[in-house]
Amino acid sequence: MSNYFYILWIPLLPLATFVILGLFGRKYLSGIAGLLGTASLLTSTILSFIAAKQYFFVDGKVNGVFQKIVALKYTWLEFSPNVSIDLGIIVDPISVMMLVVVTSVSLMVHVFSLGYMKGEERFATYYAFLSLFTFSMLGLILSANIFQVYMFWELVGVSSFLLISYYFNKPSAVAASKKAFIVTRFADLGFLIGILILGFYGGTLDIGLLIERFTAVNSVHYISITGASFLGASMLTWGLTLVFMGGAGKSSMFPLHIWLPDAMEGPTPVSALIHAATMVVAGVYLVARMFPIFSMDEAALNIVTYVGAASALFAAVIACTQTDIKRVLAYSTMSQIGYMMFALGISKNGGENGLGYMASMFHLFTHAFFKSLLFLGAGSVIHMVHSNEMKDMGGLRKLMPITHIAFLIACLAIAGIPPFAGFFSKEEILTAAFHENKIIFGIALFTAALTSFYMFRLYFNIFWSKETSATNHAHIAHGHDNHDAHNNHGEGPWVMKLPLIILAACAVGVGFVPFSQLVTSDGKALETHIDVIFSIAPVVLSVLAILLAANFYKNQNNKSDKVASAFGGLYTAAYKKFYIDEVYLFITKKIIFPFIGQPIAWADKNIVDGFMQLLAKTTAKISELIKGLQSGKVQNYAMYFFGGIAILSILFLYIWK
Amino acid sequence: MQDIPLSQILFVSTFLFFIGMYGLFTRRNLITMLMSIELMLNSVNINFVAFNKYLFPDNLDGLFFTLFIITIAAAEAAVAIAIIINLYRSHNSIDVDDATEMKY
Amino acid sequence: MTYNILILLRQELALTVLIFLLLFIKLGKDRSNENILNFINAALLINLAAGFCCQETGELFNGMFNTNTLIIFEKNLLNLAILIISMQSYAWLKNNKNVIEFYLLILTSLLGMFFMISSGNLLMFYLGLEMSTIPLAAAANFDLTKRKSSEAAMKLILSSAFSSGILLLGISFLYGTSGTLTFSILTAHINGNPLQLFAFILLIAGFAFKISAVPFHLWTADVYEGAPVAVTAFLSVISKAAVLFTLVNLLYKVFTPIASTWYLILVLLAAATILIGNLFALRQDNFKRFLAFSSIAQVGFILIGISGSSQAGAASLIYFILIYIFSNLAAFGVVSVVSSLTGKGNISDFKGFYKTNPMLSWVLTIALFSLAGVPPTAGFFGKLFLMMAGAAKGNYGIIIFAALNMVISFYYYLKVVKSIFMDENASPIQKLEVPGVSKLAMYICVVGVIVTGLASVVYDYIYSISIGL
Amino acid sequence: MNLTLLILLPFLTAILILLAKGLQQIRVIGLIGAIAQLGLAGWLLKSFLDQRSAGNNAAYLFESNQTWFKSLNINYHIGIDGIALAMILLCAVIVVAGMLVSWSMDKLSKEYFFLLVLLSMGAYGFFISLDLFTLFFFLEVAVIPKFLLIGIWGSGDKTKSAMKLALMLMAGSALVMVGLFGIYYNTHTFDMVQITQQGIPVGVQKFFFPFAFLGFGVFAALFPFHTWVPDGHASAPTAASMFLAGISMKLGGYGCLRIAALMPDAAHTYSWIIILLATIAIIYGAFATMMQTDLKYINAYSSISHCGFVILGIGMLNKTSINGAVIQMVSHGLMTALFFAAIGMIYSRTHTRMVAQLGGLLKAMPFISTVFVIAGLCSLGLPGFSGFVAEMTVFMGSWQNPNGAYRLATILSGASIVVTAVYILRATGRAIMGPISNEHALLTDATWNEKLAAVLLIVGILIIGLAPFLINHLIIPSTDAIMLQMAKVNQLK
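Chains as they are written, first to last, in our numbering: chain A, 1 to 657; chain B, 1 to 104; chain C, 1 to 469; chain D, 1 to 493.
Looking at chain A on its own, in the form it has when it is part of the complex (with noise of 0.2 Å):
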């Protein structure tokens, strides 16, 4: 078991260049601060990929099996005894395919920043975020141990706050940030309660641990934390729940998704790089780093289930109604986390029944690279139309041939059209499915259908539909961001095409990576099969939904008007995301706000501090009151003297003789 020890530089890197860039960048190195992150960053990119290597093709595998090694261990804050917060290292198949995935797509992300963010005036701020985003995903992959990933899951969350709010003189930016930030903060506040739960049951807080602890039926802490029950739940399933409810949050699963679409406020390559590829998938991450632990309670892992499959739909149809893509990608991209859930959700621990474990680890992987490359030809499309409407644009296949062809192939990818990379994955997903559960399949493929629509929806609505040119492009250009300077620039410069290409080449090719040998969920090679049979229904299905959206929105006409109107509640329903952002809203405007926080704040002023007052109040009163003992009249204090003999003779001889 060689050492891993270096793989600590890989986030320590980004962290450095977060400190310097911070410290600063802003005033010093605002030039060269694009380049420094990047360099930094592709470092620990070919860190990664040494470390991967090293991982699965050379020592990583133990007679057949892939070992969990923890390469770092170190007591940074102890509790009790044996509870404490340890930041450690941990190297296991899906942390090492993390890696790879969030410092490659991360680096594409510095990259196409370069051309992207040129010019602003906040720019080494903005790698100092990138930096900083880096450093905590990378930590958050690597922890092994549960306080440690929840220490990164919030510093993912403060600096995705501080992306989406990079243009922070946009009230609407800032909304969308304090919204995410809120609405996770929430949700984490669920993981955090579970984490003292297990935690509490399980003695230890090392996700190694617990989980030796809580999969031996017989072992005193599954015991325990099975006896204890709450509302006639067993703990274990209060912990696991609480501890997805967290996940959900951060992968903006439903109910707690409503942040998502806004976190789309954020510069464009941040939502390809945060809220694609990698942080909203750390809920599912989560789920797999504790999945022998979910695989012991069934209730919990049904809640997954349902949670994700239930989002898969319900973001696939708002997607189809969405008119600004960046939206539109906001929701596919929520709808293909559900996907990534409900696999995990199917899935068991181990051997065969394993498939829908490594199905969601492989579509993780597949998805990252396609959506953050949809992201960022949006990113190039808004980049050029300053829109990020539908109805600015239309006919950009000629202005932009390498965005139109990165995206068509990014499309054809989240479809599942073979050999794009999608179409693996989403097969695995759905060969998994149809063994465990049939609902489930159902909506899965229902979904893909969906999915494969929208999206073309979305391609031709940008690049065929109605033809425009580019000089009219500039005249509807409202600001999106402090752009207007140089409007023309095509597609940008090669920094902003490069990444695009290598992401193109990477949603065609990393299909083929021989993911199931690699990465299952103990760590045994799992030997699957394409069946072609079982794979034609959905591959049709979608080539008929991409005809279907082809029809619709190849060349401007109102089919589409028709079908929607034809829909009717259901459209304007979905169009207006079901109206969860309401509800949120009528419950804390309408109801925290002047039901708790008022009448508490008032009481304040007035109730408690108002009897304060009250004492000053009545003592004032008495002692004006009393102002007539003070009469003035010697004779009166004369006879108030002889009172106080009589009272005292009274009390004194007669009373306590």
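If you're looking for bench data, these hints aren't it; they were derived computationally from the structure. It cannot be assumed that every hint is accurate.
As the list claims (entries may be wrong) - Derived DSS-like pairs: lysine-lysine, alpha-carbon spacing no greater than 25 Å straight-line:
1) C:K393 <-> D:K206
2) A:K633 <-> C:K148
3) D:K160 <-> C:K415
4) C:K431 <-> C:K94
5) D:K160 <-> A:K605
6) D:K363 <-> D:K488
Please arrange chains B, C and D on chain A, whose structure you already have, making use of the hints.
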């Protein structure tokens, strides 16, 4: 002489005392109030003398005390009257109710 | 025998000599006030110093008069107080043509107090009491032209005459029930029969009147307000202190058999006194009146301390009096300077005082903090030890009550500080030229206020010489 | 190492300030004094750790015990354990920062700095004293400077706030006094060490614990005695608010801890009440904060909520939670001081603290805004900052108590971190981000002294946040000792 019991003398003195007190409480004229106080003091004198004569005839503490009370009462009266005169200068009245500027 | 008299009576004799000197000076050709005042202050200083010189103790006139270390110390305290007062009233007396009469009056009264303190016999006690009271009434009327002054004097003389009447009735009944006036013998005859209890209550009432405990306090405010500041200071510090010393003496030495009774009485009086004193002090604007009520509240705390009826009780009382002399006189000093130079005597006049007179403001503030019992001033220790002594009895009801009342008292003390430092005022009191002597007196007070508390040796000494029940 | 230096140095500084002439001299002396104090504290830390590593495991180090009032058995007994040391360091840091931010205080500057130093002196004395009498003495020493600082240099309805603060704190110390008398007359000593050795009869504990604890609770802004906090902090000048929230509220927490350690049985009996009040304070404070519109009020109310965690940790009475309480005291001290410093800087430039009237300050004053954001993030418990460490420790500790009600309390308090996020982000989003108004666009950024102050505090926050094992290493032995005492006294009954 011996057949007057102590209790009756004490009764007289107490009665005197309360007459004095009553006078002090009710009369508005400062001089009269001063006189009422003298009454009280005198009742005390009677007490002392009576106690001394009836209960402890073998030493004369009571009598002496009486003498001192009388002298001091005189001194007190002197000062008091001086003050009252001065009050009259400033207030043009020796009615106690006119001298109630300071109150509350 | 004569030698003995000279030694044991030395403090009284010193005063007497001084009084006669003053008389002669008065008869002789008139000198400038400055010289007279300087002479008097010097004399008082010597008198104070002499007080400490030798510690002979013993008794005279077969027990009518007796001194011991404690009593000597108490008398020295009073000497100190009168020195400070006379120094502070310099500004006031400088242009007063009857300066010598003033000193004759207050020194006589002080002499009476000395006799009262060391009295071993009810007669002597009564004589001392009256000797100290009657001149004060005259002194209260010292501003002959002021209406308030004469009204104050009238109230003082009448009500004190009344109270001494009551007191005498009590004494007569004590005599009637015990047949003796000598303390040492009296103790044996105290057997708590109703008449005696009644007599005792009358006696206590007489004392309560002098120390102005509720409900026998009503004269205090008016007299304090009307009388000249110096006299007010004298009343509020010296006469109170003297009577308290005597009271403790009586309670702890003579009325031991009915200790349980007088404990209750004291607690009741204390509670009433603190409460009423505070409630009235809240509303006052006239500074002297304010100080009057605050001093009433202080007496309540003192009574709590006495009720502890332990050595610590007596010690804490004397310790507190010492501190009280410093802090209260510092306050009165500032007031007297201000009122004699500007004629202003209301708290509201002190708004923005800090802008013009920082030094006086700090003196006043420190004094008030000490009265309020805020560390590091000595008042903190004084009050705390009084309460501790009271708490020794295990009756925490009164302690809690007093503690809560302390908060009220903080309010009104801080209110003054507030008006000095924080309130804006278009026309504050102008910059004052404080005479050096008064300044010196104030500094003495401030130093005393700071040192007396932190230097534990003071308290330990007092403790060592004081006696418990 | 004579701890009395900790009192003498401020005393000396105060004297020098009184002698100094002109703002320049005064503030320089003040700053030098503060820095010297910080150095002293640092040296103290070093020698403390040396002693410990040398194997000196006495509960209190650097003890010295002089008789003060012999006849009353009152002693000047001083000594520190890890907790006290942590508090002392906190004070030292905050004092330096406070001196720096009040660099340009030109109104009655002599008195101002004098009072600041006096206040810090009281705090140091409080933390080093092992004798309840001296403890109480210094507790009250620290009150009056607050009154004057707020009343004279404050803003808004200053006199009223000052009066309210002084009175409530005095009421608190009055309660403490009663409690102390109770202890004294049942153990015949004020010496905490002796008291812990001989223990206090249970009945006595039951009767006097509430007085002492609630008394200190008033200082620690325990619900419902917290009403002095908002007005006081809001009216106080910047440095004073820093001292107030950073130091003097800690006096309360520390006192509560000591009292709980002295009367363990009563503490166990009443712990549910303590926890109830603490939980209310946390939730209630958080929601009240959400409704505030004035930056200083926001921070003041959030202080109520955060100090609730201190009391909660103490009330849970187990090692971890008490650790958490201590860390929370230090963390909150630094964080809230930083917050007030930032607010003060903003206020001194914009002359308004109303969130609604601010906006987009990040553009005009990036440094100050960054400081503000950092303080905010720390206050909402972001990992890497001290707040996270403290709150998580408290949670872990309180969760160890399997009692359902306590669990509920923990969860509710946990919920407050969401609310915290809400109000912090609202304030930040409105004041720091968003479009900037024209008259604010031209304002200048922080000056050197303000920067220095902010950096100092931030460094403190980061040290705890990034390397919590350091402060744990400092305080855990002491908390162990405390738990041991409590256990021992329990057996003793």
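Structure versus earlier hints - violations, ascending order
Result: hint 6 breaks, nothing else.
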